[in-house]
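Go by the hints and put chain B onto chain A.
Residue numbers (full-length UniProt numbering), protein chains in the order written: chain A, 1 to 92; chain B, 1 to 137.
It is possible that part of the hints are untrue.
[To be verified] Pairwise CB distance ranges (calculated):
| # | chain 1 | residue 1 | chain 2 | residue 2 | range |
| --- | --- | --- | --- | --- | --- |
| 1 | A | K43 | B | R42 | 30 to 38 Å |
| 2 | B | E7 | A | D48 | 40 to 48 Å |
| 3 | B | F110 | A | G78 | 52 to 60 Å |
| 4 | B | V133 | A | D48 | 42 to 50 Å |
| 5 | B | Y136 | A | N61 | 30 to 38 Å |
[As the list claims (entries may be wrong)] Chain A is nowhere near these chain B residues, computed Cβ spacing over 10 Å in every case:
| # | residue |
| --- | --- |
| 6 | S5 |
| 7 | A11 |
| 8 | A83 |
| 9 | P88 |
Honestly, the hints are just simulated from the structure, not real lab data. Idealized CB from N, CA, C, for every residue including glycine.
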Amino acid sequence: MAIEVRIPTILRSYTGGAKAVDASGATLDELIGDLEARHPGLKERLVDDSGLRRFVNVYLNDEDVRFLGGLGTPVADGDTVTVLPAVAGGAR
Amino acid sequence: MLTISRELVDAIVAHARADHPDEACGVVAGPEGSDRPERFIRMDNAERSPTFYRFDSQEQFRVWRDMDDRDEVPVVIYHSHTATEAYPSRTDISYASEPDAHYVLVSTAFDDPQFRSYRILDGVVTEEDVKIVEAYG
Numbered sequence: 001m002a003i004e005v006r007i008p009t010i011l012r013s014y015t016g017g018a019k020a021v022d023a024s025g026a027t028l029d030e031l032i033g034d035l036e037a038r039h040p041g042l043k044e045r046l047v048d049d050s051g052l053r054r055f056v057n058v059y060l061n062d063e064d065v066r067f068l069g070g071l072g073t074p075v076a077d078g079d080t081v082t083v084l085p086a087v088a089g090g091a092r
Numbered sequence: 001m002l003t004i005s006r007e008l009v010d011a012i013v014a015h016a017r018a019d020h021p022d023e024a025c026g027v028v029a030g031p032e033g034s035d036r037p038e039r040f041i042r043m044d045n046a047e048r049s050p051t052f053y054r055f056d057s058q059e060q061f062r063v064w065r066d067m068d069d070r071d072e073v074p075v076v077i078y079h080s081h082t083a084t085e086a087y088p089s090r091t092d093i094s095y096a097s098e099p100d101a102h103y104v105l106v107s108t109a110f111d112d113p114q115f116r117s118y119r120i121l122d123g124v125v126t127e128e129d130v131k132i133v134e135a136y137g
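So that you can see chain A by itself, here it is in the shape it has in the complex (with noise of 0.2 Å):
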């Protein structure tokens, strides 16, 4: 078994348009380096030098990773990753 990870649309371009792919790993920074073996270029739209990127969030099943433990929250297999863009903005 893998982590099933959930791409949403804007990041489909880097998974070939799957809305689902498949990745491994012991944490979610160890998963998103898979990912970024896999369908190179998408680490850098999910983590910058300071961890999680502000643009989006990651879920692991149903909860917001930055209320676990981040980039290093443990994954196992048959966990469900997905990533949303955060939506935001406002007038300033």
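What follows is chain B alone, placed relative to chain A:
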């Protein structure tokens, strides 16, 4: 062009007015590929701010999963500006990441609320006409 029912326009404007002076935000979902906004979903502004909005990430997850289950997409993503024009700010543009969505801005800064719609793709803003209909044909 955004074609949207009068009932939905009224619901979006009413939400913007109710939350004034804070920014209001939400989604109108519609069947994938239809480009037709149908299901009004009022979202919490997690920032509760007059100058910023952000969907609560947990609420967004539930709403997006629900749309997925119904084969819907966010046809309209709306928010209000409460002291400035209904035109996308730099922050709005930097966050805009639903290439197929109509980004609706409502301004409650004026007596008559402005209701305008935009496409925002790769940092480029294109205003579009809004056609308000009594019912979809």
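Each hint, compared with the structure:
In this structure, K43(A) and R42(B) meet the distance hint of 30 to 38 Å, their C-beta atoms being roughly 35 Å apart. For the hinted restraint 40 to 48 Å between E7(B) and D48(A), the CB-CB distance of approximately 42 Å keeps it satisfied. A C-beta distance of roughly 53 Å is found between F110(B) and G78(A), which places it inside the suggested range of 52 to 60 Å. The hint said 42 to 50 Å for the Cβ distance between V133(B) and D48(A), and at roughly 44 Å that hint holds.
Look at Y136(B) against N61(A): about 36 Å separates their beta carbons, and that is inside 30 to 38 Å. Residue-level check passed: S5(B) sits 22 Å from the nearest beta carbon of chain A, beyond 10 Å. For A11(B), the shortest C-beta to C-beta distance to chain A comes to about 18 Å, beyond the 10 Å cut-off, and the non-interface label holds. Listed as outside the interface, A83(B) is inconsistent with that label: its C-beta sits roughly 6 Å from the nearest C-beta of chain A, within the 10 Å cut-off.
Chain A draws P88(B) into its interface by the beta-carbon criterion, the shortest separation being 7 Å against a cut-off of 10 Å.
The earlier numbered hints that this structure contradicts are 8, 9.
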